[in-house]
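With chain A's structure known, arrange chain B on it following the hints.
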Amino acid sequence: MNDLENVQVFRIQILAIVGSILLIVFILELIRRKRLKEEFSILWLGMGTIFLIISLFRGLLDWFSVLVGIGYPPAALFLILIIGLMFILIHFSVAISELKEANKKLAQELGLLRRQMEEK
Amino acid sequence: MKKLIIIPAFNEEKTIAGVLEEVQAHCPDFDILVVNDGSTDKTSDIARRFSGVRVIDLAVNLGIGGAVQTGFLYARGKAYEAAVQVDADGQHKPAEVAKLLRPIDRGEADVVIGSRFLEKGRYKARLGRKLGIWLLSLTNRLLLGQKITDSTSGFRAYNKRAIELLSRDYPDDYPEPEAIFLLRRNALTVREVPTEMAGRKGGKSSISLPESVYYMVKVFLAIFVLMLRKNNRGLP
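Those protein sequence lines, which keep their order, are chains A and B.
Residues 0 to 119 in numbering that gives the first Met the number 0 are what the first sequence spells out, letter by letter.
Residues 0 to 235 in numbering that gives the first Met the number 0 are what the second sequence spells out, letter by letter.
One chain only, chain A, in its complex shape (with noise of 0.2 Å):
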């Protein structure tokens, strides 16, 4: 039962490397077919970057963790994470209000185009 004192760590930063360069492969993949936009690519792919890189130098996530007084490493990484998705998901609202307030205007203005032609 001492398997998890003989962890393999290269294993999960290979993993991670893996990972990071999928997420990247994936999201440009989704531009190159024009199924996602750029505007919207950007902090996905800054997401993954930021993953890439931590998965390549792993004593950066120490000194992160240290720089901010996080004692527990893997700790730093959740941080990371979490503020990266809050960013993603706030753009996303963003771009929902945006999408609203043209949605309102375009109804509008069919709606009076009609009744002008109505009217004619």
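Among the clues, some could well be false.
[To be verified] In silico contact screen, one side only, chain A against chain B (beta carbon under 8 Å); selected entries: (1) R10; (2) A101; (3) K103; (4) Q107; (5) L109; (6) G110; (7) L111; (8) K119.
Keep in mind the hints are simulated off the structure, nothing from the lab.
Ideal Cβ placement from N, Cα and C applies to all residues, glycine included.
Just chain B now, kept in the frame of chain A:
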């Protein structure tokens, strides 16, 4: 004076005909516009049967704010000098439209609100609603220095300046209390006149308890944000 009655309607097939008949009987000098807010019932068909009633069909449901604003946009485009908003559910009495318009005619106010509470009437509200209305009224008095007794009333008359402002900028949902702040922030004058309102002829109140909590939070947030903004954002 070119005058328009704006009737926002969302699925009001049971009441719209009665409202239109009354409006035509009591307000012969008005043009009548029904803004059908993406109804899924026969609201639009019924309204179109009335000759002289103009109907704008919105392709999607925008909510009361977007629908009323469409009316303002129409009024602005056609250079109406006054507009009166009347609900399609039969709550507002077309017989009182003239009373609402009087201060506008005399140039005494930019917007006139028909209030249920100015005179002690028979209107009975539930406790929660009473509390909400009291809170809004207190906020009005504190922030605007003016007592508005019925912030949520949608029975309103507007002059040209108000139409101009609100056609550019009108809140989306639960717009009534917020609009008062918007108007006052842009130095327009608001006045109340006592009106009687009928009980609903059909349908139920559109607001349930969780919704009324959302209502209050949304309205106070909007008012707070409005206070943070600079003045006169709506007028050019």
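For the hint on A/G110, does the least C-beta distance to chain B fall short of 8 Å? Check passed: Cβ of A/G110 comes within 4 Å of chain B, closer than 8 Å.
So, as I understand it, the hint says A/L111 touches chain B; can you test that by seeing if any CB pair is closer than 8 Å? This hint holds: A/L111 lies near chain B, its Cβ roughly 6 Å from the closest one there, short of 8 Å.
Hey, does the A/Q107 contact hint survive, CB to chain B under 8 Å? holds (5 Å)
Hint check: 8 Å Cβ-Cβ cutoff, A/K119 to chain B: violated (13 Å)
Measuring from the C-beta of A/L109 to each C-beta in chain B, is the shortest one below 8 Å? holds (6 Å)
Less than 8 Å between beta-carbons is the criterion; does A/A101 satisfy it with respect to chain B? violated (12 Å)
Using 8 Å as the Cβ threshold, decide whether A/R10 counts as touching chain B. violated (48 Å)
At a threshold of 8 Å, is the proposed contact between A/K103 and chain B supported by beta-carbon distances? holds (5 Å)
Violated hints, listed in ascending order, are 1, 2, 8; each of the other numbered hints is respected by the structure.
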